[in-house]
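Engineer: Sequences are here, hints too, so could you generate the full structure?
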Amino acid sequence: MSTFSAGQELAPHTFIINRAKLLGYANASGDQNPIHQDEIFAKSVGLENVIAHGMFTMALAGRYVSEIAGSESVKEFSSRFIKPVVVPADIDVELIVSGKVLEVSENSLKLEINATCGDVKVLGMAKAVIALS
Amino acid sequence: MLNPDIVGRTFTGATSFAVTQESITQFCEAIGEPNISVAPPTYSIKISLAESEVLLKESGLDWNRVVHGDQRFEIVRPIVAGDSLTCSSTIESARAVAGNEIVTVRSDLHSGPDLITSSWSTLVVRA
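Going down the list, the protein sequences come from chains A and B.
In terms of my numbering, the first sequence opens at residue 1 and continues consecutively.
In terms of my numbering, the second sequence opens at residue 1 and continues consecutively.
Hints listed in this document are in silico derivations from the structure and should not be mistaken for laboratory results.
Quick reminder that beta carbons are idealized off the backbone N, C-alpha and C, glycines included.
Among the hints, erroneous ones may be present.
[Stated by the list, open to error] Which residues of chain B face chain A? A few of them, derived with a C-beta cut under 7 Å, are:
no., residue
1, ALA30
2, ILE31
3, ASN35
4, VAL38
5, PRO40
6, THR42
7, ILE45
8, ASP70
9, ARG72
10, PHE73
11, GLU74
12, ILE75
13, HIS110
14, PRO113
Structural biologist: Below, the structure is given as structure tokens:
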């Protein structure tokens, strides 16, 4: 286990989001809302195009957090959904997730997580607490 | 219009949710998580959001206009294959802002008597 210090910036990770991945998440999560798969439907309800499930974006940010000390170490995880991730057909959209250490204690770490798409921040106030063994 | 009486309303699913390795593996694959020995931290949304849907519909809110505003998880221990989970969801708050109805639902997942995860979903019913 490497050591952490408050204020430390953690290396960013880029995740790819495309229509195939949205279908995979819809099937895995059970959230089959057509705004995440059907462009005609999404536009009919006023969206620019198909958008990613907010929980898919959060799940990818969760994977970033899990990489630090494993999925089993994550004790708290929270986020606001501030902007949708728009996913046009046949395009790989890049979601860039980064983190910063807010607090370090003997057995846990509190992190601030940032997730951006293009230069747009898509998750707000995202924080995680992980247990360090 | 928002009915303030919905605050405190609770829904407990009639059946428990049997967690299979297949469903954990499928969720891990969808997000590119190589460790399939436990469910990822957001896996429980698969159970809790479906219960919230029932609760909001029963409370007369239009699920088709719902947007997810924020989400929080407190995880006592990770979910693993073989868990049989019950979900109890409660409307903790409901308020109207600029014509939108903002509802916070707390969902507690138990395995037998043990609390596994608590989560809070803020759901915005657009005007």
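Engineer: Look at each hint and say if it fits the structure.
Structural biologist: Verification of the supplied hints:
no., hint, in the structure
1, ALA30, "holds, 4 Å"
2, ILE31, "holds, 5 Å"
3, ASN35, "holds, 6 Å"
4, VAL38, "holds, 5 Å"
5, PRO40, "holds, 5 Å"
6, THR42, "holds, 5 Å"
7, ILE45, "holds, 5 Å"
8, ASP70, "holds, 4 Å"
9, ARG72, "holds, 4 Å"
10, PHE73, "holds, 5 Å"
11, GLU74, "holds, 5 Å"
12, ILE75, "holds, 6 Å"
13, HIS110, "violated, 18 Å"
14, PRO113, "violated, 21 Å"
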